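Now for the letters of each chain:
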Amino acid sequence: MRQGALAYGILALLLAAVWGIELFLVPWTDPYLTDIVIRVGINLLAVMGLALVLGFTGQFSLGHAGFMAVGAYAAAASTLYAGVPPVGGIVVGGLVAALAGFGVGLPTLRLSGDYLAVVTLGFNGIIIVLIQNSPALGGAQGLTGLPVATTFGLTFTCVVLGGLFIRNLLVSPLGRVFEAVRDNEIATRSLGIDTTRAKVLAFVVGAFWAGVSGALIAYYRSSIFPSQFQFDRSIEQVAMVVLGGTGSLSGPLIAATILSALPEVLRPVAQYRMVIYSIVLIAMMILRPTGLLGNHELSDVLKRLWQKRPGARSTAA
Amino acid sequence: MSEALLELRKTGIRFGGLRAVSDLDLVLPVGVLHGLIGPNGAGKTTVFNLVTGIYEPTEGDILLAGRSLKGVAPAKVAAAGIGRTFQNIRLFAGLSVIENVKVGMHRHLESTLLDAVLRTPRYRRVEVEAEEQCRTLLETFGLLALAEQPADSLAYGLRRRLEIARALATKPRLLLLDEPAAGMNPSEADDLMHLIRWVRDTFEVTILLIEHHMPVVMGICERITVLDHGALIAEGSPDEIRRDPKVIEAYLGADVHAGPA
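Chains G and W, in that order, are what the protein sequence lines are.
Count the first sequence with our numbering and you get residues 1 to 317, in order.
Count the second sequence with our numbering and you get residues 1001 to 1261, in order.
Bound-form chain G, shown alone (with noise of 0.2 Å):
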C-alpha cells in the first residue's frame, strides 16, 4: 500500500513543480532558454523510449524517429482534418505510432541484431517517402496552420507521465523479463516465457512514447516537415542510449539533456560547435565506454557518493 501511495505522490509532486514553473518562472525567463529546454524534454520523451527497446530489452532499433514521423503526422492530420484538440492530438498520435510499433515490430522482431537494424532503419526511410509523396500530408513542404500548443509545461507533464510509465514498467515483472530477452533470449524462451511477444510489447511502448514527441512537434512551431524526422535523428537517438548507458534509464536522459543542448549552449564559439560536439562524443567512448552511467540508475550512483562522502559511518564491512 504504501509503496503505491508514494508513486503517486511523486506523480503529483512532479506535476505540481512543471506547472508551478510553467506559470511563475516561465514568462520571466528568456524565451530562448525556454526554447532549448521544450527541445530537450521532446527528445528526452523519444528517448525513454528507445532506452526501453535498446537498452533493456536489446532490439537494435534504427528507425525511431520513424515513429516521431507517424505521431506528428497522425497528430496534424487528427486536428486539421477533424478539429482534435492538441491534448488529444498528442495522445492520437502517441495511439496511432503504438500501432505503427505493432505492425513493424510483430513481423520483424523475430530478426535479432544487425537485420532488426535494418529493417527498423528501412521503415524510418519509407516513412518519410510516404509522407513526402502524400499530398494530404503536405508533402515535402509539410503541413503548415497548426495551433501552438507545445509550452513547457505541457511538455514536461509528458515527460514526468512517459517516466513514471517506462520506470514502473522497467521495476515490474515484465521488466524483468525484457532484460532477460537481452541477456539470453534462448534461455527466456526455456522458461516458457513468449519473447516474441515481450519484444512487441516494449517495441510498442517505446514507439508510444516517440508518437507523443512527435505531436509536442506538430504542435510546438505551428508546422512540420518530412525533413525534420530523417534518420539522422535515430541514429542521434541511438547515440544518446548507448552514451547514457545501455540498461539505464537515467543515464540516456542525462545525455539526451547534454547532447540535446550542447549544440545551443555552444552557439558563441559557432564555427567551433560540431568539432566540440564531436570532442564530447568520442572523450565518452573512451573515458565510459560502458556509457555515463553504465547499467545503473542516476539514483544508485548518488546513494553510492552520498555513503562515500567524508566522515560518513561505513556502512560495508
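Calculated from the structure, these hints are not laboratory results.
All of these numbers come straight from a predicted model, not from anything done at the bench.
Even for Gly, the Cβ is constructed at its ideal location relative to N, Cα and C.
Warning: the hint list may mix true and false statements.
Selected chain G positions facing chain W (Cβ under 10 Å, derived; list incomplete) [as the list claims (entries may be wrong)]:
hint, residue
1, Phe165
2, Asn168
3, Pro173
4, Thr188
5, Thr196
6, Asn295
7, Ser299
Some, not all, of what chain W presents toward chain G, calculated at C-beta under 10 Å [claimed, not checked]:
hint, residue
8, Arg1014
9, Phe1015
10, Gly1017
11, His1034
12, Asn1040
13, Ala1073
14, Lys1076
15, Ala1080
16, Glu1099
17, Val1103
18, Met1105
19, His1106
20, Ala1167
21, Thr1170
22, Leu1252
Listing some non-contacts, in silico: residues in chain W with all C-beta distances to chain G over 12 Å [to be verified]:
hint, residue
23, Leu1063
24, Ala1079
25, Glu1127
26, Leu1146
27, Gly1183
Take the given structure of chain G and dock chain W to it, following the hints.
Chain W in isolation, oriented as in the chain G frame:
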C-alpha cells in the same frame, strides 16, 4: 499403459547428411531419475534440444504425458512443463540472483502492463508472493545470502545451482539437466548429485540427466541410457550398464574419467 511422462518413439534428426540422433526409443515413467550418458558428440544435448523444441525431429515422435511435442515452439514446450539447464550456463547476467529466479516464475505471475504501470494492489500482492517463493527456493539451494548479487558475480558452481533453481521456478513436471556437474571436482559433483536427488524427491519432478561423472551418475540414477553416434547402445539399471560390454567399449573402458575440459 503405464504412467509414461516422456516418451520418444523412433525419434531422429538429420542435419543434411548427418544423422545426429536416429531411431531413439526412450520412456521416462513419472518420478524417475534417468541418466543419459555417452561419449562427447554422441547426441545427448541434441536429444535435449529435440525434447525442448529447439530442433524439430525429422523422424519419429516425442510425447509428453501422451501429447505430441512435435513442432511445438520452445516457449510452449516449457509452458507444458519441461524445464531445463544448459551445458554452457545461460543465466541473465544483468539481473540479480533472485531476479533470475523470478523470471523463471514469470509464467505463474498474474501481472499485466497496466498493473505494472499503475501499481495496482494486485501488482504489489503478486510481487510479494513471488519474492517469498523465490527466497524459499534460493534458501534450499544455499543461495539466499547472495540473492541481491548480480548473477554474473557468482562462482562457477553456484551459477550451476542457480540455473537449476531458475528452471525449478517454472514448476516443471520434467527437468532436463545438461551436465550440471561439469567442471566441478569430485566432492562438489557428489554434493550436487545428492542435491539433485533431493530435488527430485522434494519437488516430485521427473529428471533426465546428462552427466560425465560416472561414480555419481551410477550412484543416483535409477535407469541409464547410453548413446553413441546418435544411437542407443544400451539401457538398463546402473549395474547392467556397468557390465555391458558395448558400453565399456564405447565409453566406460575407453575413458573412465571422461569430462569436458
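The hints, checked one at a time:
This hint holds: Phe165/G has a C-beta 5 Å from the nearest C-beta of chain W, less than the 10 Å allowed. The restraint placing Asn168/G at the interface with chain W holds, with a minimum CB-CB distance near 5 Å, inside the 10 Å limit. For Pro173/G, the interface hint holds, since its Cβ comes within 10 Å of a Cβ in chain W; the closest pair sits about 5 Å apart. Below 10 Å, beta-carbon pairs count as interface contacts, and Thr188/G has one with chain W at about 7 Å; its hint therefore holds.
The closest approach between the C-beta of Thr196/G and any C-beta of chain W is roughly 9 Å, which is under the 10 Å cut-off, so the hint is satisfied. With its C-beta approaching chain W no nearer than about 6 Å, Asn295/G sits inside the 10 Å limit, and its interface hint holds. For Ser299/G, the interface hint is violated, since its Cβ never comes within 10 Å of a Cβ in chain W; the closest pair sits about 16 Å apart. At its closest, the beta carbon of Arg1014/W sits 22 Å from a beta carbon of chain G; the interface hint therefore is violated under the 10 Å criterion.
A distance limit of 10 Å between C-beta atoms decides the matter here; for Phe1015/W the minimum to chain G is near 18 Å, and the interface restraint is violated. Annotation: interface hint on Gly1017/W violated; nearest CB of chain G at approximately 26 Å, more than 10 Å. This hint is violated: His1034/W has a C-beta 19 Å from the nearest C-beta of chain G, more than the 10 Å allowed. About 21 Å separates the beta-carbon of Asn1040/W from the nearest beta-carbon of chain G, more than 10 Å, and the hint is not met.
Hint status for Ala1073/W relative to chain G: holds, with the closest Cβ pair at about 8 Å, below 10 Å. Annotation: Lys1076/W was flagged as interfacial toward chain G, and the flag holds, the nearest CB pair being 8 Å apart, inside 10 Å. Hint status for Ala1080/W: holds, given a least beta-carbon distance of 8 Å to chain G, under 10 Å. Hint status for Glu1099/W relative to chain G: holds, with the closest Cβ pair at about 5 Å, below 10 Å.
This hint holds: Val1103/W has a C-beta 5 Å from the nearest C-beta of chain G, less than the 10 Å allowed. About 9 Å separates the beta-carbon of Met1105/W from the nearest beta-carbon of chain G, less than 10 Å, and the hint is met. A hinted interface residue such as His1106/W counts as satisfied when its beta carbon comes closer than 10 Å to some beta carbon of chain G; here the least separation is about 6 Å, so the hint holds. Residue-level restraint check for Ala1167/W holds (minimum Cβ-Cβ distance to chain G is 8 Å; threshold 10 Å).
Because the closest C-beta pair between Thr1170/W and chain G is about 5 Å apart, less than 10 Å, the hint holds. Taking 10 Å as the C-beta cut-off, the interface hint given for Leu1252/W is violated, the closest approach to chain G being about 31 Å. Every CB of chain G lies more than 12 Å from the CB of Leu1063/W, the least distance being 19 Å, so the non-interface label holds. For Ala1079/W, the non-interface assignment is contradicted: its Cβ lies about 4 Å from the closest Cβ of chain G, within the 12 Å cut-off.
A beta-carbon of chain G is positioned within 12 Å of the beta-carbon of Glu1127/W; the least distance is around 7 Å. Distance to chain G confirms Leu1146/W as a non-interface residue, since its nearest Cβ pair spans about 16 Å, more than 12 Å. At the 12 Å boundary, the C-beta of Gly1183/W stays outside the reach of chain G, the nearest C-beta of that chain being 19 Å off.
Hints 7, 8, 9, 10, 11, 12, 22, 24, 25 from the earlier list are contradicted by this structure; the remaining hints agree with it.
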